[in-house]
Amino acid sequence: MQGSLMLDIAGTWLTAEDRRLLRQPEVGGLILFARNIEHPAQVRELCAAIRAVRPDLLLAVDQEGGRVQRLRQGFVRLPAMGALAGHDEAERLAEACGWLMATEVLAAGLDFSFAPVLDLDHGRSAVIGSRGFAGDPQAVIRLAGAFIRGMHAAGMAATGKHFPGHGWAEADSHVAIPSDERSLEAIRARDLLPFQQLRGQLDAVMPAHVIFPQVDVQPAGFSRRWLQDILRGELGFDGVVFSDDLSMAGAHVAGDAAARVEAALAAGCDMGLVCNDRAAAELALSALQRLGVQPAPRLARMRRRAFPGIDYKQNPRWLRALERLREARLID
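Counting along the sequence shown from 1, when you hit position 308 you're at 308 in full-length UniProt numbering, and nothing is skipped either side.
Certain hints may be false.
[Unchecked claim] Listed next, with one range per pair, are the computed distances between beta-carbon atoms:
no.	residue 1	residue 2	range
1	P55	A16	16 to 24 Å
2	E89	S183	34 to 42 Å
3	A52	Q73	21 to 29 Å
4	D332	G200	30 to 38 Å
5	D136	A306	27 to 35 Å
6	G123	I310	37 to 45 Å
7	E45	L184	15 to 23 Å
These are computed hints drawn from the structure, not numbers from a lab. None of the values given here were measured: they were computed from a predicted structure. For glycine and all other residues, C-beta sits at the position ideal for the given N, C-alpha and C.
With the hints as extra help, turn the sequences into a complete structure.
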């Protein structure tokens, strides 16, 4: 059974210290970043080495398309999702993107990508921008729904982010503490709609490190109001909830790394991510060991459901998807 903490590593191979940390039962996942990746064969070897240490670990990556693609050398350079909406066959293109992305990520040995982005592009948030499918919630629902269909067809679970929406807040939660001053009614009327309408297709949700002061003084990822009352209660979502990276500036309102992971799990997250800070990861691990946190069985739903094999590029669906994106001039 997966533990409740997702960590990262510094290099392209496991060190003895990495292996020690990954053997801790409280660790349930590992996320790869660009620094961990050289080419597809190296990623497969790294994932195999990780699974040799802990076969049950969830292996994740951020492979959205556009500027957020950790897998680059030897992988398809997918367009930003915001580039799809203007095309006549936007839904077919979105489904092709979802399938291509998932197939490559699974073939590299990982379980899933944290995708799709469900934030509305209000033209206010530089950190979201073209990562979002559109500014209109109905367009986001259609296109993200198609993207998810592609992911599921390839055998990958889908994670909607960043609940209940990061698109209105102007500050970047990586380096600041964003705030969205709108009322709950205003958020429900637009930003919450993709999460509500796609809840049956989503396997997981990642909340935003954004404070919505008219709803709760805590960022959504630390808020029982958002995660328990609204996401679980009102929306009826029963999938996995991952925290966003608890090392980000937007999470620092909860205290040190130990306090952050405790607050995230207490609010309703099933797994906390602590990345790019090994000392913070050790603090979070010690907190979970002290608390004796029991992992959520639903985390197992995030495991890969298919393994395409290294010959996936011979698949006729692969060739058709590439052709469709090239005809639309979305990839080279």
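Evaluated hints:
Distance hint check for P55 and A16: the Cβ-Cβ separation is about 19 Å, which falls inside the suggested range of 16 to 24 Å. The supplied range of 34 to 42 Å is met by E89 and S183, whose beta-carbon atoms lie about 37 Å from each other. Against the hinted window of 21 to 29 Å, the Cβ-Cβ separation of A52 and Q73 comes to about 24 Å, which satisfies the hint. In this structure, D332 and G200 meet the distance hint of 30 to 38 Å, their C-beta atoms being roughly 36 Å apart.
The hint said 27 to 35 Å for the Cβ distance between D136 and A306, and at roughly 33 Å that hint holds. Between G123 and I310 the beta carbons are some 42 Å apart, a value that agrees with the proposed interval 37 to 45 Å. Separated by about 48 Å at the C-beta atoms, E45 and L184 break the suggested range of 15 to 23 Å.
The earlier numbered hint that this structure contradicts is number 7, and it is the only one.
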